[in-house]
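Participant: What follows is each chain in one-letter form.
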Amino acid sequence: MKFYRTHVLVAQDTKSILAGSKRIEETLIEEIKLAGLENEIRVIPTGSLGYSENNQVAIAIYPDNIIYAPVLTSSVKEIVEEHFLKGRIIKALAHPMKHKEISMEERTSENQLNIDVQKRIILKNVGQINPESIHEYIAADGYMALEKALSEMTPESVIEEMKTSELRGRGGAGFPTGLKWQFTRPNPGPTKYVICNADEGEPGTFKDREIMEGDPHKMVEGMILAAYAVGGTDGYIYIRGEYNLSINRLQKAIDACYEYGLLGKNILGTDFSFDLCIHTGAGAYICGEETALINSIEGKRGEPRKKPPYPPSQGLWQKPTLVNNVETFANVPAIINHGGEWYKTLGVEGSYGTKLFSLMGDLNWKGTIEIPFGTTIGKIVDTIGHGVRYDRVLKGIILGGSSGSLIVPGELNTPIDFQSLSRIEAGPGSGSILVMDETRCIVDICLNIAEFFRHESCGKCTPCREGNAQICHLLEMISYGYGLPEDLEKLERIANTMMETSFCPLGQTAPSVLLQALKKFRGEFLAHIDENICPAGVCEINFVEEECSCG
Amino acid sequence: MEEKKHLLEQLHEIQNNDDKHYLPKEKVVELAKKHGYDLAQVYGVETFYTMYSTKPRGKHIIRICENQSCHMANSKKLIRHMEAILNISVGETTEDGFFTLELSSCLGMCSVSPAMMIDEVPYGNLTEDRIDEILATYKEDK
Ligand SMILES: Cc1cc2nc3c(=O)[nH]c(=O)nc-3n(C[C@H](O)[C@H](O)[C@H](O)COP(=O)(O)O)c2cc1C
Ligand code: FES
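Residue numbers (our numbering), protein chains in the order written: chain A, 1 to 551; chain B, 552 to 693.
These aren't lab readings, by the way, just hints derived from the structure by calculation. Keep in mind that a hint or two might mislead.
Just a few of them, taken from the derived set where beta-carbon distance is under 10 Å, the chain A residues facing chain B [to be verified]:
hint, residue
1, I17
2, L245
3, T280
4, R301
5, R305
6, S358
7, S402
8, M436
If you want the ones that stay clear, here's a sample from chain B, every Cβ over 10 Å from chain A, calculated [as the list claims (entries may be wrong)]:
hint, residue
9, E560
10, K576
11, Q592
12, E617
13, I630
14, E634
15, A635
16, I636
17, C657
18, L658
19, S662
20, E671
21, E679
22, E684
Glycine included, each C-beta is placed from N, C-alpha and C at the ideal position.
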């Protein structure tokens with residue numbers, strides 16, 4: 001094996017590739033060769049460094065612990081000549097905080113660059129290893145949990161450990177993972193399915209992508225552990241058709257596992273066998289709902305099923321089926337390695353561990369973050385997001401996606417955990433934090449959300465199909481200045497009916513942001529209706545008072 | 552793994568291998584016959600999922616996101632711009648059969664909004680100028 005004195009990690013996640021990181025990687029390799037350093041310096045593609053600004057490429061250099069950003073193709077030569085040849089740090093490009101000596105161990109935990117309230121457990125390897133190399137994953141303690149489980153633990157004790165950790169599902173509903181596994185295990189086989197829900201369709205959510213692009217093996221290891229625990233024989237990763245990079249990396253990970261005896265027959269020489277494959281979706285938000293997802297794999301329209309029976313007893317092809325989210329599975333290896341009690345040292349009571357969030361909107365910094373439960377919303381906005389853009393005033397936050405909740409500035413001190421959020425009628429939901437500044441119009445935002453649900457309603461039940469269409473119509477009229485005073489009560493009535501009578505959670509949660517907006521920003525709706533003005537100046541009000549023709 | 556037929560994957564395959572990126576009727580009928588699917592079931596599936604098309608489409612498929620984050624980054628304006636330069640409306644194909652313009656739900660690229668995909672390639676941080684540049688690169692290899 002070759003020893004390199006320096007490793008250069010180039011982020012190759014979707015965001016960085018968009019900013020030109022492929023070209024940077026090629027140029028680095030070329031320049032390093034030109035300088036004759038190809039046996040000393042190694043360039044490694046990795047996941048997101050959790051750091052780069054929009055449209056910028058960042059590279060990390062170890063063991064020097066330097067991050068350079070933004071790196072342009074024109075600056076590569078300088079980096080090679082100054083840093084790699086002469087050992088001089090280019091101060092102008094190095095991230096200020098990186099001048100502090102931070103060890104690799106620390107870096108991955110608390111002192112992660114500008115984002116020191118973050119704690120990286122799930123994303124520990126993202127931005128640190130090459131996601132396409134099983135060797136690097138193994139070198140980072142990968143598949144150690146699987147080995148431990150298969151050699152030292154019974155399936156029951158794996159489930160016990162998961163129950164001890166009190167991990168709650170990260171797909172939206174927050175169901176205790178250990179319990180779900182426990183319900184699945186006793187159901188009769190021989191065929192039992194384990195499905196990873198990688199449909200990630202909730203608008204404003206891209207955290208699962210970060211795992212799949214940056215550390216696909218972690219999720220795969222979590223799935224194999226789950227299969228061992230519940231007696232799973234066949235696995236599917238149901239992934240949305242648009243996530244090409246994730247699909248490629250997951251396929252590479254699966255292929256490598258088969259090659260190394262981590263998937264297939266007699267895994268690691270035991271009598272436990274498990275097969276895994278990828279199933280791509282075809283663009284339907286409802287297929288993120290677990291029973292619709294199951295129908296979709298069966299080759300049907302993605303319409304949800306009646307529950308009960310729940311998937312653990314009757315799921316895919318009527319067989320017992322375990323469905324968990326990508327992030328849920330990605331938590332499993334660390335819990336098995338360090339124990340459920342260790343996991344509970346992170347987070348707060350009732351909401352243990354860390355949680356990924358997709359941070360976006362009118363902020364200075366956007367991207368995927370990992371924080372321990374209990375961090376306040378305000379801290380995330382100010383410290384990680386570096387505050388609202390252009391020094392504007394915060395208007396509100398949509399938390400948990402389009403089906404989530406609307407947070408107002410007065411609620412910023414709320415810690416992000418299941419209990420605290422439920423007190424303000426919110427929840428972490430899909431893990432999306434969309435920040436809106438004062439220039440946003442609430443009617444326009446609600447209309448945009450309603451249009452999404454009108455499009456994505458599967459059409460199976462009337463309240464959701466018709467309700468979303470009616471909400472769209474009413475909001476559109478209001479946005480053009482044609483709203484009537486009674487429209488607000490009408491909206492509330494439709495929304496409440498949908499929440500109570502829709503067949504599945506899509507229709508039940510579709511109007512939740514609207515209902516909160518009607519409460520928290522009622523004045524703004526009224527301004528559109530009574531005064532025909534859009535206070536934020538967004539809506540194209542074209543209402544004209546009709547001349548009275550009777551004279 | 553036990554050989555299960557996965558209709559969605561089979562339809563993806565037909566569509567990806569078709570020059571016009573759609574599901575031609577004869578191919579679908581053939582598939583249904585071969586695997587014993589009900590034709591109504593296949594038609595139901597084809598029309599349920601937005602990534603499938605029952606009508607012929609262009610060589611390249613442009614899908615612009617219109618959800619929250621992109622909407623806030625003014626994707627409406629970009630959609631209008633795209634319609635103007637391609638001289639088509641959303642859902643249509645250019646006369647030369649080169650581009651089809653479609654809208655899409657969130658593409659998971661909200662931190663680089665506004666975003667779109669052309670075929671399998673994602674693009675973010677779009678502006679009108681950037682769109683002109685990107686489309687020009689496709690025109691080159693026409
Ligand atoms: C309309 C709708 C969309 C959903 N979309 C997703 C999704 O994209 N990803 C996901 O993991 N769960 C999604 N869910 C939740 C799943 O139904 C299910 O609860 C989850 O996959 C269970 O995994 P967990 O226990 O690990 O959270 C969705 C639910 C609904 C009602
Ligand atoms: S909202 Fe457009 S990519 Fe997510």
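Participant: Each hint needs a verdict: does it hold in this structure or not?
Facilitator: Hint by hint, here is what the structure shows:
no.: 1; hint: I17; in the structure: 8 Å, holds
no.: 2; hint: L245; in the structure: 8 Å, holds
no.: 3; hint: T280; in the structure: 6 Å, holds
no.: 4; hint: R301; in the structure: 4 Å, holds
no.: 5; hint: R305; in the structure: 15 Å, violated
no.: 6; hint: S358; in the structure: 7 Å, holds
no.: 7; hint: S402; in the structure: 6 Å, holds
no.: 8; hint: M436; in the structure: 7 Å, holds
no.: 9; hint: E560; in the structure: 7 Å, violated
no.: 10; hint: K576; in the structure: 18 Å, holds
no.: 11; hint: Q592; in the structure: 7 Å, violated
no.: 12; hint: E617; in the structure: 8 Å, violated
no.: 13; hint: I630; in the structure: 13 Å, holds
no.: 14; hint: E634; in the structure: 17 Å, holds
no.: 15; hint: A635; in the structure: 18 Å, holds
no.: 16; hint: I636; in the structure: 21 Å, holds
no.: 17; hint: C657; in the structure: 4 Å, violated
no.: 18; hint: L658; in the structure: 6 Å, violated
no.: 19; hint: S662; in the structure: 4 Å, violated
no.: 20; hint: E671; in the structure: 5 Å, violated
no.: 21; hint: E679; in the structure: 16 Å, holds
no.: 22; hint: E684; in the structure: 13 Å, holds
Of the numbered hints stated above, those contradicted by the structure are hints 5, 9, 11, 12, 17, 18, 19, 20, listed in ascending order.
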